[in-house]
Amino acid sequence: IAACLAYGNVTQILKSVEKVLSLMGASPAAWLRKSQPAGIKKAFTGFKHRFTTGAEMALFLLNIKHTVEKSGSLENLFLAGYDKNEATVENAIYKFVDNLGALGRTPSLTPHPRHKSSFKRINLFLRWMVRKDSVDPGVWTKVSPAKLIVPLDTHMRQVSMSIGITRRKDTSMKTAAEITAYFRKIEPSDPVKYDFALTRAGIRGNNT
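Under my numbering, the residues of the sequence shown are numbered 30 to 237, in order.
Quick caveat, the hints were computed from the structure, so don't treat them as lab data.
Small disclaimer: the values here were computed from a predicted structure and weren't measured.
One thing to keep in mind: the hints can contain errors.
What the hints assert, rightly or not - Think about it this way: if two alpha-carbon atoms lie no more than 27 Å apart in a straight line, the pair counts; the simulated BS3-like pairs of lysine-lysine are:
#, residue 1, residue 2
1, Lys113, Lys77
2, Lys44, Lys161
3, Lys70, Lys113
4, Lys171, Lys94
5, Lys48, Lys70
6, Lys198, Lys214
7, Lys161, Lys198
8, Lys198, Lys171
9, Lys77, Lys44
10, Lys113, Lys48
11, Lys161, Lys70
12, Lys44, Lys63
13, Lys63, Lys113
Said to hold, decoys possible - Here are the computed distance ranges between Cβ atoms for each label pair:
#, residue 1, residue 2, range
14, Pro217, Gly133, 33 to 41 Å
15, Ala67, Arg197, 13 to 21 Å
16, Glu119, Gly193, 18 to 26 Å
17, Arg196, Lys71, 48 to 56 Å
Cβ atoms here follow ideal geometry from the backbone N, Cα and C, with glycine treated the same way.
Produce the entire structure from the sequences given, and follow the hints as far as they go.
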(Lines of atoms letter the chains of each structure in order from A and count residues from 1; the text may use other names and numbers.)
(Lines give C-alpha, C1' and ligand atoms only; values in the text may rest on other atoms or scores of the structure.)
Protein backbone atom coordinates (compact mmCIF):
# COMPACT_ATOMS: atom_id res chain seq x y z
CA ILE A 1 0.00 0.00 0.00
CA ALA A 2 2.71 2.48 1.03
CA ALA A 3 4.87 1.70 -2.01
CA CYS A 4 2.02 2.02 -4.49
CA LEU A 5 0.94 5.36 -3.03
CA ALA A 6 4.53 6.64 -3.21
CA TYR A 7 4.01 9.20 -5.93
CA GLY A 8 3.66 12.95 -5.54
CA ASN A 9 4.44 15.15 -2.56
CA VAL A 10 6.02 13.32 0.39
CA THR A 11 3.73 15.01 2.92
CA GLN A 12 0.64 14.00 0.94
CA ILE A 13 1.96 10.44 0.52
CA LEU A 14 2.32 10.07 4.28
CA LYS A 15 -1.16 11.48 4.89
CA SER A 16 -2.72 9.14 2.32
CA VAL A 17 -0.93 6.06 3.64
CA GLU A 18 -1.98 6.97 7.19
CA LYS A 19 -5.58 7.42 6.01
CA VAL A 20 -5.68 4.01 4.33
CA LEU A 21 -4.12 2.22 7.29
CA SER A 22 -6.38 3.98 9.80
CA LEU A 23 -9.44 2.77 7.87
CA MET A 24 -8.10 -0.79 8.06
CA GLY A 25 -7.49 -0.77 11.81
CA ALA A 26 -4.71 -2.24 13.95
CA SER A 27 -4.21 -5.23 11.66
CA PRO A 28 -4.71 -4.34 7.98
CA ALA A 29 -4.18 -7.97 6.97
CA ALA A 30 -6.89 -9.21 9.34
CA TRP A 31 -9.25 -6.43 8.23
CA LEU A 32 -8.75 -7.37 4.59
CA ARG A 33 -9.30 -11.08 5.24
CA LYS A 34 -12.58 -10.59 7.09
CA SER A 35 -14.01 -7.73 5.00
CA GLN A 36 -16.48 -8.31 2.19
CA PRO A 37 -16.04 -6.55 -1.18
CA ALA A 38 -19.00 -4.23 -0.55
CA GLY A 39 -17.55 -3.22 2.81
CA ILE A 40 -14.14 -2.48 1.32
CA LYS A 41 -15.67 -0.34 -1.42
CA LYS A 42 -17.80 1.55 1.11
CA ALA A 43 -14.84 2.17 3.44
CA PHE A 44 -12.92 3.98 0.71
CA THR A 45 -15.75 6.09 -0.68
CA GLY A 46 -14.38 9.61 -0.87
CA PHE A 47 -10.71 8.61 -0.59
CA LYS A 48 -8.42 10.52 -2.94
CA HIS A 49 -4.67 10.57 -3.51
CA ARG A 50 -3.74 12.59 -6.58
CA PHE A 51 -4.97 10.38 -9.47
CA THR A 52 -6.03 7.52 -7.20
CA THR A 53 -9.74 7.43 -6.36
CA GLY A 54 -11.45 5.55 -3.58
CA ALA A 55 -12.86 3.09 -6.12
CA GLU A 56 -9.40 2.33 -7.47
CA MET A 57 -7.93 1.91 -3.99
CA ALA A 58 -10.76 -0.47 -3.11
CA LEU A 59 -10.09 -2.51 -6.26
CA PHE A 60 -6.38 -2.60 -5.44
CA LEU A 61 -7.17 -3.97 -1.97
CA LEU A 62 -9.62 -6.48 -3.44
CA ASN A 63 -6.83 -7.69 -5.74
CA ILE A 64 -4.58 -8.18 -2.72
CA LYS A 65 -7.38 -9.98 -0.86
CA HIS A 66 -7.90 -12.24 -3.89
CA THR A 67 -4.17 -12.93 -4.09
CA VAL A 68 -3.90 -13.90 -0.43
CA GLU A 69 -6.93 -16.17 -0.71
CA LYS A 70 -5.62 -17.89 -3.86
CA SER A 71 -1.84 -17.87 -3.37
CA GLY A 72 -1.45 -17.49 0.38
CA SER A 73 0.61 -14.30 0.21
CA LEU A 74 2.01 -11.63 -2.09
CA GLU A 75 5.38 -13.34 -1.76
CA ASN A 76 3.97 -16.58 -3.12
CA LEU A 77 2.43 -14.72 -6.06
CA PHE A 78 5.79 -13.13 -6.83
CA LEU A 79 7.66 -16.42 -6.49
CA ALA A 80 5.32 -18.01 -9.03
CA GLY A 81 6.96 -15.86 -11.69
CA TYR A 82 10.46 -15.66 -10.20
CA ASP A 83 13.35 -17.50 -11.82
CA LYS A 84 16.51 -17.53 -9.71
CA ASN A 85 18.55 -18.23 -12.84
CA GLU A 86 17.61 -14.89 -14.42
CA ALA A 87 19.94 -11.95 -13.88
CA THR A 88 17.27 -9.66 -12.44
CA VAL A 89 13.66 -9.67 -11.27
CA GLU A 90 12.48 -7.78 -14.36
CA ASN A 91 10.41 -10.59 -15.88
CA ALA A 92 9.13 -11.61 -12.44
CA ILE A 93 7.88 -8.04 -11.93
CA TYR A 94 5.92 -8.11 -15.18
CA LYS A 95 4.26 -11.39 -14.22
CA PHE A 96 3.61 -10.20 -10.67
CA VAL A 97 1.88 -6.98 -11.75
CA ASP A 98 -0.09 -8.80 -14.42
CA ASN A 99 -1.33 -11.43 -11.96
CA LEU A 100 -1.97 -8.89 -9.20
CA GLY A 101 -4.56 -7.26 -11.43
CA ALA A 102 -6.71 -10.40 -11.62
CA LEU A 103 -9.92 -8.56 -10.69
CA GLY A 104 -9.15 -5.44 -12.70
CA ARG A 105 -6.39 -2.95 -13.42
CA THR A 106 -5.44 -0.14 -11.06
CA PRO A 107 -3.31 2.04 -13.38
CA SER A 108 -2.48 4.82 -10.93
CA LEU A 109 -1.19 2.29 -8.38
CA THR A 110 0.37 -0.51 -10.43
CA PRO A 111 1.80 0.13 -13.92
CA HIS A 112 0.76 -1.98 -16.87
CA PRO A 113 3.47 -4.43 -17.97
CA ARG A 114 3.17 -3.25 -21.57
CA HIS A 115 3.82 0.38 -20.75
CA LYS A 116 7.31 1.91 -20.71
CA SER A 117 7.61 2.17 -16.96
CA SER A 118 10.57 1.71 -14.63
CA PHE A 119 8.16 0.06 -12.16
CA LYS A 120 9.67 2.32 -9.52
CA ARG A 121 7.04 1.62 -6.87
CA ILE A 122 7.15 -2.14 -7.38
CA ASN A 123 10.96 -2.06 -7.20
CA LEU A 124 10.68 0.03 -4.03
CA PHE A 125 8.30 -2.55 -2.56
CA LEU A 126 10.74 -5.33 -3.48
CA ARG A 127 13.63 -3.43 -1.91
CA TRP A 128 11.68 -3.21 1.34
CA MET A 129 10.65 -6.86 1.23
CA VAL A 130 13.93 -8.46 0.10
CA ARG A 131 16.77 -6.41 1.61
CA LYS A 132 17.35 -6.63 5.35
CA ASP A 133 19.30 -3.91 7.13
CA SER A 134 18.68 -0.76 9.17
CA VAL A 135 16.74 0.76 6.24
CA ASP A 136 14.75 -2.16 4.80
CA PRO A 137 12.88 -4.79 6.88
CA GLY A 138 13.52 -7.71 4.49
CA VAL A 139 10.72 -10.10 5.43
CA TRP A 140 10.94 -12.16 2.24
CA THR A 141 13.61 -14.87 2.26
CA LYS A 142 13.46 -16.59 -1.14
CA VAL A 143 14.40 -13.73 -3.46
CA SER A 144 18.05 -12.73 -3.75
CA PRO A 145 18.94 -9.04 -3.18
CA ALA A 146 21.41 -9.47 -6.04
CA LYS A 147 18.47 -9.67 -8.46
CA LEU A 148 16.84 -6.40 -7.42
CA ILE A 149 16.51 -3.35 -9.67
CA VAL A 150 16.98 0.26 -8.58
CA PRO A 151 13.61 2.00 -7.89
CA LEU A 152 14.13 4.66 -10.54
CA ASP A 153 12.46 8.03 -10.09
CA THR A 154 13.37 11.54 -11.20
CA HIS A 155 15.71 12.04 -8.24
CA MET A 156 17.70 8.85 -8.89
CA ARG A 157 17.87 9.64 -12.60
CA GLN A 158 19.20 13.15 -11.92
CA VAL A 159 21.79 11.88 -9.46
CA SER A 160 22.85 9.11 -11.86
CA MET A 161 23.23 11.57 -14.75
CA SER A 162 25.16 14.06 -12.63
CA ILE A 163 27.79 11.48 -11.62
CA GLY A 164 28.02 9.89 -15.06
CA ILE A 165 26.25 6.59 -14.48
CA THR A 166 23.83 7.09 -17.37
CA ARG A 167 23.11 9.53 -20.18
CA ARG A 168 19.55 8.32 -20.63
CA LYS A 169 16.95 10.99 -19.90
CA ASP A 170 13.89 8.78 -19.43
CA THR A 171 12.68 6.87 -16.39
CA SER A 172 12.13 3.57 -18.18
CA MET A 173 13.03 0.03 -17.18
CA LYS A 174 15.99 0.24 -19.59
CA THR A 175 17.37 3.20 -17.66
CA ALA A 176 16.74 1.48 -14.33
CA ALA A 177 18.56 -1.62 -15.61
CA GLU A 178 21.54 0.45 -16.80
CA ILE A 179 21.89 2.20 -13.45
CA THR A 180 21.48 -1.09 -11.59
CA ALA A 181 24.19 -2.71 -13.74
CA TYR A 182 26.60 0.05 -12.70
CA PHE A 183 25.95 -0.53 -9.01
CA ARG A 184 26.12 -4.29 -9.48
CA LYS A 185 29.77 -3.89 -10.50
CA ILE A 186 30.42 -2.19 -7.16
CA GLU A 187 28.19 -4.42 -5.01
CA PRO A 188 27.27 -7.62 -6.92
CA SER A 189 25.30 -9.11 -4.04
CA ASP A 190 23.30 -5.94 -3.29
CA PRO A 191 23.09 -3.48 -6.22
CA VAL A 192 20.30 -1.35 -4.71
CA LYS A 193 22.21 -0.83 -1.47
CA TYR A 194 22.87 2.84 -2.25
CA ASP A 195 19.35 3.73 -3.39
CA PHE A 196 18.16 5.25 -0.13
CA ALA A 197 21.18 7.52 0.36
CA LEU A 198 21.31 8.70 -3.25
CA THR A 199 17.60 9.44 -3.59
CA ARG A 200 17.66 11.43 -0.34
CA ALA A 201 20.45 13.54 -1.85
CA GLY A 202 18.35 14.08 -4.97
CA ILE A 203 15.25 15.05 -3.00
CA ARG A 204 17.28 17.60 -1.03
CA GLY A 205 18.79 18.99 -4.22
CA ASN A 206 22.35 17.95 -3.38
CA ASN A 207 23.70 15.85 -6.24
CA THR A 208 27.38 16.46 -5.53
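Range first: 48 to 56 Å. Now tell me if the beta carbons of Arg196 and Lys71 are that far apart. holds, 50 Å
Keeping to a limit of 27 Å between CA atoms, is the pair of Lys44 and Lys161 held or broken? This hinted pair holds, its Cα atoms lying about 26 Å apart.
Restraint check for Lys113 with Lys77, where alpha carbons must lie at most 27 Å apart: Judged against 27 Å, a Cα distance of about 38 Å means the pair is violated.
Please verify whether Lys44 and Lys63 have alpha carbons no more than 27 Å apart. At roughly 25 Å apart (the allowed maximum being 27 Å), Lys63 and Lys44 satisfy the hint.
Between Pro217 and Gly133, does the C-beta distance stay in 33 to 41 Å? Once the Cβ atoms are compared, 39 Å apart, the range 33 to 41 Å for Gly133 and Pro217 holds.
Is it true that Glu119 and Gly193 lie within 18 to 26 Å of each other by Cβ? holds, 24 Å
Pairwise hint evaluation, Lys44 against Lys77, where the allowed Cα distance is 27 Å at most: holds, 11 Å
For a C-alpha distance cap of 27 Å, please report whether Lys48 and Lys70 respect it. holds, 15 Å
Satisfaction of hint between Lys214 and Lys198, Cα-Cα up to 27 Å: Status holds; Cα separation ~22 Å.
Holds or violated: Lys171 to Lys94, with C-alpha atoms at most 27 Å apart: holds, 22 Å
Cβ distance range 13 to 21 Å for Ala67 and Arg197, holds or violated: With Cβ atoms ~46 Å apart, the hint is violated.
Compare the distance between the alpha carbons of Lys70 and Lys113 with 27 Å, and conclude whether the hinted pair is satisfied. Violated, at about 37 Å.
Of the numbered hints given earlier, the model fails hints 1, 3, 7, 8, 10, 11, 13 and 15; all others are met.
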